[in-house]
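As given, the protein sequences belong to chains G and E, one line each in that order.
No gaps in the numbering here: position 20 of the first sequence is 20 in my numbering, and each next residue is one more.
Offset between the second sequence (1-based) and my numbering: plus 111.
Be aware that a few hints might be false.
[Unchecked claim] Simulated coverage check for chain E against chain G, where a stretch passes if three residues somewhere in it have a Cβ under 8 Å from a Cβ of chain G:
| no. | stretch |
| --- | --- |
| 1 | 151-161 |
| 2 | 171-178 |
| 3 | 201-210 |
Derived by calculation from the structure, the hints in this document are not laboratory data.
Note that the coordinates shown come from a computational prediction; the quantities given were computed from them, not determined experimentally.
Yeah, the Cβ is synthetic: ideal placement off N, Cα and C, and Gly gets one too.
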Amino acid sequence: DAKTTQPNSMESNEEEPVHLPCNHSTISGTDYIHWYRQLPSQGPEYVIHGLTSNVNNRMASLAIAEDRKSSTLILHRATLRDAAVYYCILRGMNTGNQFYFGTGTSLTVIP
Amino acid sequence: EAQVTQNPRYLITVTGKKLTVTCSQNMNHEYMSWYRQDPGLGLRQIYYSMNVEVTDKGDVPEGYKVSRKEKRNFPLILESPSPNQTSLYFCASSLDTPRSPLHFGNGTRLTVT
């Protein structure tokens with residue numbers, strides 16, 4: 001079962017970097033790591049994905065461990081608008097199309 | 112604009128009265144799926160579809176039906192709703208590749224009394 005494990009909640013001060021961890025010890029070689037976030041009263045939205053190398057986009061950075069059993073979503077400067085629930089999921093040939101979102105990490109940003 | 116559209120946004124109904132929640136996407140995506148979200152349980156997959164006329168059960172399919180007669184539409188059908196199906200429902204779609212992100216609708220809040 002391609003499940004991921006994330007802390008239930010985290011806090012960050014505004015304008016400081018945030019590192020959101022995700023463990024995926026059962027990841028297979030073809031699984032991509034996807035991150036999504038869900039703002040209050042909205043559907044989840046895509047943030048970033050990666051396979052082996054670290055990735056950057058306008059929203060965040062994704063750091064993937066060398067053994068790929070864990071990854072970290074990095075928000076470089078947290079803003080109040082980043083307060084959301086963040087999910088990491090695996091998507092690949094072995095996961096088929098059943099994705100385990102779990103309960104994610106609820107990020108609180110403190111002004 | 113590329114989007115996944117769910118209707119209705121809010122629905123209150125009574126036990127046993129059949130209902131359908133519609134989901135439509137305009138991105139020519141092969142993959143579509145339905146999730147329910149409940150406090151403390153996160154997002155759980157109900158059904159998914161890889162393409163027209165191809166559907167499969169997710170983690171919590173009991174009490175739900177789906178159909179995929181057209182590529183753009185993937186309705187969720189509750190033949191006989193019960194109070195334990197009160198939840199927030201999300202539809203999602205994507206291309207059928209591991210790199211492709213999921214696009215979610217804005218949700219349907221269903222209350223069954």
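Evaluated hints:
1. 151-161: holds (count 8)
2. 171-178: Three-residue rule not met by the stretch 171-178 of chain E, so violated; n is 0.
3. 201-210: Satisfied; 5 residues make the cut.
Consistency with the previously given hints fails for number 2 only.
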